[in-house]
Amino acid sequence: MKENEILALLQKYQEGTLSNEDQDKLDAWYLHKASTSNLQLSDYELEDSYELLKSKLPLQAEPKVIRLWPRVAVAASIALLLGTGIFYFTKPKEQIIQVTEKAQEIAPGGTRGILTLSNGKQIILANISAKDTIAKEGEEVTIKMGANGVITYIINPDADASKNNPNAFNTLSTPTGGQYNIVLADGTKVYLNAVSSIKYPTQFNGDKRLVELEGEAYFEVAKNKNKPFIVKSDNQSIEVLGTHFNVHAYANESVVKTTLLEGSVAVSFKNQKSILKPGQQSNVSDNFTKIKIREVDTDEAIAWKNGRFKFDNADLKTVMRQLERWYGIKVEYRGDVSDVRFSGGTFMNKNLSEVLKVLELSNIKFKVEGRTIIVYP
Amino acid sequence: MSVYNKYDDHTLITLLKEDNQLAYTEIFERYSRILVNNAYKVLGNQDEANDIVQEIFLSIWNKRYELAITGSLSSYLYKATKNRILNHIAHEKVVSRYADSISNFIENDYILADSKIREQELEAIIAKEIALLPEKMREVFLLRKVEELSYDEIALQLNITDKTAKQQVYNSLKILREKLKSLVSVFIW
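Protein sequences, first through last, are from chains A and B. The UniProt record's numbering applies: residue 1 is where the first sequence begins, and numbers increase by one. The UniProt record's numbering applies: residue 1 is where the second sequence begins, and numbers increase by one.
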């Protein structure tokens, strides 16, 4: 085959006018080439490609604080250059300014979750409607969805309990902008906040009820004196017999907060253990030497469960991380905002612009660029 | 935002179609390196490989609402790489680099096959390239893939009907799951 014949073949390929056989020839050559090639990029070279692509694609990274330092350094060096009489001219980089007629509204989150069954299958819980069975775990456990989307685990009383698989775990998780409610096999109710996940057995067979949490959840634990209910998150564990409490344990928040509303819980962290009374909150962190306990406004801690943002002298960055989880936005800071604190509240079913209006009352300015929110003091 | 690396490919695509940028980022984290390496194998030029993969990921984001992925995400991405590379070679200046290789292959080694066979060859390449990933990355990658595919789906993808062959898939999947079980605690929890 001559070069021009190959070129003609490839051009037809581009136009999509190749016969099946010619198409197969090119596909076969490509696969042959890819599978017999000895070329291979080193890990180091691949890392270069990865970093380069990362800088060019519309990816969303963990929020970053923009530091003022480099700019101050540039200003200082320019001043120095001018001072020594050297004329230094730099053409400012052309700025791309996006003009939009009207800023796009950023909608709030809603009832959304992802259920991972013990066999690894994932079910997206977005179409909320009552169904008697959305999945089964063996013969014994049926997973049901209520009219409001709540997932309930129902144990079949006729099933042979000896055949239970003690290692059948499910995971419910929520993406950015999602909250989800679930009733576990023992009747315990769990309200899961955004960007969180909880791993639990499909039925509680042993001498304790153990679940693992990442992120934030409110628990209404069904009473069972013989089987303590244990919530593990990061390096903290909470033990209860039956009670109502909220656990706030996000990986990007430095402090794990447990707030008790009713009953009593024991919080363990490293080698320490503290008992909470209703109205108290424990704070643990790798930065603290011991568990801190304080009296709090419990309404604030569980406002999210009731569809409210409620802030009581909360610092700006904590507030903004909450908005990031609910609106899927990215927040950048220009300048020092460390002393800004908020008190007040609004509803979570509002568009972001309305929530920002409330926050602007505290002498802070926001600029919305796509899904990035820039905060100015 | 660590929950995203626990989602399987199918879940990520669904979230991507709903504008979820973190899901898009996770797809990039999962596939960017192996696609660059795959493109490099054919092109032999890292800059060109980077450009091809950049185009693929940009188009996934720009066309996220219309994305129609029928098979697995990995074979979709590999096919997109193949199409873009063939389009790239269709330029006069580039074709001369490949002319000998293409004509040799078509004249000597080519055997006509149906699309199912090609699909299997593609899957074999993907499996081989995953095997070349650095060890830890590969384990996590496989874990997600194994969790995502049921045995029936694999048999269907490989177009296996023979009973013994099916049993083999079943056995190897079982071994793989066992091996990966110990890793679950490390990587997932």
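Hints are not guaranteed to be accurate.
[Claimed, not checked] These stretches of chain B come out as covered by chain A in the derived footprint (C-beta under 8 angstroms, 3 or more residues):
#1 10-24
#2 27-37
#3 40-47
#4 51-63
#5 66-77
#6 118-129
[As the list claims (entries may be wrong)] In silico lysine to aspartate or glutamate, EDC-like type, Cα no more than 20 angstroms apart, as pairs:
#7 Lys54/A to Asp114/B
#8 Lys33/A to Glu121/B
#9 Lys33/A to Glu48/B
#10 Lys199/A to Asp8/B
#11 Lys93/B to Glu3/A
#12 Lys33/A to Asp109/B
#13 Lys54/A to Asp109/B
#14 Lys33/A to Glu29/B
By construction, these hints were calculated from the structure, which means they are not laboratory data. Glycine residues also receive a C-beta, built at the ideal position from the N, C-alpha and C atoms.
Here's how the hints hold up against the structure:
Residues of the region 10-24 of chain B lying with their CB closer than 8 angstroms to a CB of chain A number 10, which satisfies the three-residue condition for coverage. Evaluation of the coverage hint for the region 27-37 of chain B: fulfilled, as 5 residues show C-beta separations to chain A shorter than 8 angstroms, against a requirement of three. For a cut-off of 8 angstroms, the count of residues in the region 40-47 of chain B with a CB near a CB of chain A stands at 5, and the three-residue condition holds. A count of 5 residues in the region 51-63 of chain B with a Cβ less than 8 angstroms from any Cβ of chain A is obtained; the coverage claim is therefore met, three being the minimum.
Three residues within the 8 angstroms Cβ limit are the bar, and the region 66-77 of chain B against chain A gives 0, so the coverage statement is violated. Only residues whose beta carbon comes within less than 8 angstroms of a beta carbon in chain A count, and the region 118-129 of chain B has 6; three or more means the coverage holds. Proximity of Lys54/A to Asp114/B is assessed by CA-CA distance (about 37 angstroms); at most 20 angstroms being required, the pair is judged violated. About 12 angstroms separates the Cα atoms of Lys33/A and Glu121/B, which keeps this hinted pair within 20 angstroms; it holds.
Taking the CA atoms of Lys33/A and Glu48/B, the gap is about 16 angstroms. The hint holds against a cut of 20 angstroms. This hinted pair checks out: Lys199/A and Asp8/B have alpha carbons roughly 16 angstroms apart, not beyond 20 angstroms. Only pairs whose Cα atoms come within 20 angstroms are accepted, and Lys93/B paired with Glu3/A is accepted, the gap being roughly 11 angstroms. Taking the CA atoms of Lys33/A and Asp109/B, the gap is about 12 angstroms. The hint holds against a cut of 20 angstroms.
Between Lys54/A and Asp109/B the alpha-carbon distance is near 39 angstroms, which puts this suggested pair outside the 20 angstroms criterion. Distance hint between Lys33/A and Glu29/B is unfulfilled; the C-alpha atoms sit about 26 angstroms from each other, more than 20 angstroms.
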